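There are 2 protein chains.
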Amino acid sequence: MPLGERSGDKSDSRYCGVETEFNDDVPRLLNFNLSGGFDFLVYPLMNPAYRPSLLKDHGGMSSALPFAGSDLVLSPSQWSGHVVGKISSWIDLDSEDEILRMDSEITLKQEISWASHLSLQACLLPFPRGTSCANYARCVNQILQGSSNMQLWLRVPLEKPDDDATDGKLGNSTERTDSWELWNCFRLLCEHHSQLSIALDVKSSLPSANSLGRWFGEPVRAAIIHTNAFLTNARGYPCLSKRHQKLMTALFNHSIQIVISGQLLHTLPSRSLEPAANHCDNHIDSTEKHPLRSYLDYVAYLYQRMDPLPEQERFEPLMDNLEAQTYETFEKDTMKYIQYQRAISKALVDRVPNENVETIMTVLMVVGAGRGPLVRASLQAAEETGRKLKIYAVEKNPNAVVTLHSLVKLEGWETLVTIVSSDMRCWDAPEKADILVSELLGSFGDNELSPECLDGAQRFLKEDGISIPSSYTSFIQPITASKLYNDVKSHRDLIHFETAYVVKLHSVARLAPTQPVFTFEHPNFSASKSNERYKKLVFHVPDDTGSAIVHGFAGYFDATLYKDVHLGIEPSTATPNMFAIFFPLRTPICVQPGSSLELHFWRCCGPTKVWYEWSVTSPITSPIHNSKGRSYWVGL
Amino acid sequence: MPLGERSGDKSDSRYCGVETEFNDDVPRLLNFNLSGGFDFLVYPLMNPAYRPSLLKDHGGMSSALPFAGSDLVLSPSQWSGHVVGKISSWIDLDSEDEILRMDSEITLKQEISWASHLSLQACLLPFPRGTSCANYARCVNQILQGSSNMQLWLRVPLEKPDDDATDGKLGNSTERTDSWELWNCFRLLCEHHSQLSIALDVKSSLPSANSLGRWFGEPVRAAIIHTNAFLTNARGYPCLSKRHQKLMTALFNHSIQIVISGQLLHTLPSRSLEPAANHCDNHIDSTEKHPLRSYLDYVAYLYQRMDPLPEQERFEPLMDNLEAQTYETFEKDTMKYIQYQRAISKALVDRVPNENVETIMTVLMVVGAGRGPLVRASLQAAEETGRKLKIYAVEKNPNAVVTLHSLVKLEGWETLVTIVSSDMRCWDAPEKADILVSELLGSFGDNELSPECLDGAQRFLKEDGISIPSSYTSFIQPITASKLYNDVKSHRDLIHFETAYVVKLHSVARLAPTQPVFTFEHPNFSASKSNERYKKLVFHVPDDTGSAIVHGFAGYFDATLYKDVHLGIEPSTATPNMFAIFFPLRTPICVQPGSSLELHFWRCCGPTKVWYEWSVTSPITSPIHNSKGRSYWVGL
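Quick note, the sequences are listed as chains Z and Y, same order. Mapping of the first sequence onto the UniProt record's numbering: position 555 corresponds to residue 555, and the numbering continues sequentially without gaps. Mapping of the second sequence onto the UniProt record's numbering: position 84 corresponds to residue 84, and the numbering continues sequentially without gaps.
Rather than coming from a laboratory, the hints here were simulated on the basis of the structure. What you are looking at is a predicted structure, and each value in this text was computed from that prediction instead of being measured. You may find that some hints are simply not true.
One copy or two, it doesn't matter: identical chains are merged, so the pair holds either way.
DSS-like mimics (lysine-lysine), calculated; alpha carbons at most 25 Å apart, straight line [as the list claims (entries may be wrong)]: (1) Lys535 / Lys109; (2) Lys535 / Lys432; (3) Lys628 / Lys109; (4) Lys109 / Lys536; (5) Lys529 / Lys109; (6) Lys242 / Lys483.
Chain Z on its own, in the form it takes in the complex:
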């Protein structure tokens, strides 16, 4: 039964699972937990006492494996819809003990094979027991190379295991480092395989917010909340700390499923500590309330109290080539034209004193008028400020010009607006403009040839004329973005790794504050100007983040339309939920705590095109991406 009906939420996070122990009677176990309100089980596939090497020693024994009954005890849809297979937690494929290592490898393969036979959607793999995971990863990687579509969830503790000394299963290694490191090693060995994901183990103590934040760029599919993570409220019921609550909300928002694990630790009225998910064994009427129900109820309460999803968030993260979609999306942005109108109003007031409003006519040119939104904003600014305005609307796309003509006619603007069907680079203007208005900015500011176009257009701007925008700056920051990276990688070619993408940044971790990259100012009458740029940036990932992987860089822009009127998507100043641009790295780079990331960014101009090149030189050196614009460019 879903946690609740949250308007607009179609993600998996509505479903809540429960981790159970091994049990011979699966149908009864499933029934008990489903009627207790859970949607699925995380259930051990094999008797935990099983060891292949022990079987061999008692040579004559049955060769049947200790699976929980046959596959017929549940229907195929029950298996695949309600059971996540839990791989034996004793396995240790990197043990120094060769018998244990071989037993582990055989068992893992047998269990995965059985899970595939049952068509389970996912299996939960135990966290590596030691500090090494190469053989475990090699074996899992072989499984991933197979044809199955099954997801493999590697169980990863949020906190270093040595903080959980009470948890026997986590082994005897005392020198264990950040669990992210071992996950990263595992994932790199398996080459970011898209079927390898994470189930986070959440217990009572949480790492720093920065450390937690890393995981939202990683492929986390589930979070296993232990009953010992819960506090007790005044009425004796389980509840979570503020930090845990905030984490739960973030998990829900990132489509991560919750699994409740552990024993009942909160003695509710007339109930004492007792076994939890396997409760059905104890001859108790299955209509009785599930012992973990109070935890589930609390999780459902957290889910239900969330705000409904904002309209923009109801779509899947969008990813497309830079050339497409941008324009359409930007025109829908009403906030943008309000800002333009404010900027134009201020410019009109600055150019025409109140005493001259009747005598001075301001000439305004909209270069790239499109379907007219800036023409409308300009006329509204003129009306608002009482200034007389003459508009030239220059547009090279003949289809847009058709729309523009009908708009002018419809609105009765014929005397105010002159439509020019021409490329602004060829147009011979009959007079010079006081104000030049354009909206040529891409998600990265200068990536849609705004500098080149405005350089060309400024020849019909008066010497003291105003360009709106008057300047713009691109910003960039390193991010973890395993989903985006895997989407890029799935094309298996160089071109996609050297292309920038307009994306909504949904499942990403922002690893350091943004930094400015390139700034352009307009008009620019200096003689030796060049629109080529080179910037070296050094990012510092905060110490308390721990190590993190950089899949690429998120780019934004901030434009000064006029004086204090800004427009942009730079996260520290902009309204959220806007598109950004993503520059991938061909090979993701791991950044250690306290170390810095050195990024080089170039804007290059050739006779027929403009492009970016980028590379990292610290902590390791990447190749230069997109040399000579071989993969990605904008044509002049």
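Assemble chain Y onto chain Z, guided by the hints.
Just chain Y now, with coordinates in the frame of chain Z:
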């Protein structure tokens, strides 16, 4: 004029160049140096006073660039055959000074463009001046992406520049690190481009032997020997230290060209210190001896006194898929059959005491008899020891069986040898053998299914019988091998990066001693044997090597034929010049001084094939190579 005629040497190292200063009269400069005994000039393409930004300031000046005359002053074959273009050494593309940076970029592009126009074979690029080289590399990388075939030699000092405080050109940076680091950064940014290579600057002080050794795995094309590197002998003539002499020999052996640079520093009889290569300016008869002639003569002397090349070295390094060539090469190896004969002799003597030589008949089976070399070795061993021998020669290749029959007839061995035209896995032997002889070993020992074949054949070996070989071990070591890496990379696919190659290791740097990987012993009658193997190896690169790049791993084997009789190619025990096996890394890994390299190696067996997987987990984690044998395997 070549340095000398060394038998078998067809490499470029016969030719010696000279670095000159800028000079307006190129024809005279060239003539002077060629008649002085040099083969080519390293010559500045532009007047060192030229700065693009200065030209602009004096707007009205000629727009012609300060090139050395026109391209017509030399013939095309003179330009391409005798001139290496020297790029202005003042350029600094990573300067904080933007004017200098832009001037440098413009100049570099102009000079390269001029050099391409002249069809020069190579240009010499100055070493980066600061600690950063990203913009320099970006610009060079753009040039490399062009269509020209010109080699770009990056000048790299052997010793850290701060050790050469007298050399003004090397800039003001005091925190300069190992020059290899900057080269490595440059090369990584340019993605190991095959036209980017190295000209090593050799001065008076040399780094440690390990540090020098790194360079022989790098693409070094030239070594520039400065006159200040020379000592003075008793007669006042220049000579080199023992370490320098050893280096020169190694350079010659790796086909690296020598360039002599600097002023005459050795005052020979009746001559004082004077300008060197540009000597021709000073109104001196061009028939006079070249001022650097004594250095050239000494270099020629070092070249001529080298041993002639051994026969095997006269071929280019061979690289081919593992399946091919190995067999042919191994059969030519007469040393191998001498060892086999020694081993068989010892085994015969051990099995048959002297008093029983007349009564006991030893049964010997050659499994995989091929064209008969092991049959011959066995019969010679029997003759040598006086033991009676009955041979079964089992061979599955019917073509080889034809040859075998005619050999037996030719030699009159009909009564001694029974030829069995069969796969040893199917053959039903009429009796059991005392000795099982095979030569199934590949360059990596177990890579040609020797374990599987001998496991199958041992069913017709007596319980106390002897297998020759009785055991074998594979060995491995990390190497720098930029040439091999570039050959693999040129295929632009995953398969070639996950394949092992049988190669002659010519241009490689061995970064750490070999370590044993897998060992197999025969016969092996244990019940639970498996031929799967897993080994984790940790290599320590010596501290005094400095940083180095690992392109992959060189593999070898050592086999115990019988008791103390060994056969193999492991470098610490074997005769040199044998083939090895190369396991590439998809992405080369940089190892810092004192850090360790952690390698995992698996031998995996499936129902129809055997393969290796490999990965690195420290200093960084690589993907697992060749998962499930997807790229490279041997079929059962």
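Hint by hint, here is what the structure shows:
1. Lys535 / Lys109: Only across copies: Lys535 and Lys109 sit 20 Å apart there, 50 Å inside one copy, limit 25 Å.
2. Lys535 / Lys432: Neither: 35 Å inside a chain and 77 Å across chains, both beyond 25 Å.
3. Lys628 / Lys109: This pair counts as between: shortest inter-copy Cα distance 14 Å, intra-copy 48 Å.
4. Lys109 / Lys536: between (48 Å within a copy, 22 Å between copies)
5. Lys529 / Lys109: For Lys529 and Lys109, only the inter-copy Cα distance (19 Å) is at most 25 Å; the intra-copy one is 64 Å.
6. Lys242 / Lys483: Neither way: Lys242 and Lys483 sit 29 Å apart in one copy and 59 Å across, limit 25 Å.
In summary, the numbered hints that this structure violates are 2, 6.
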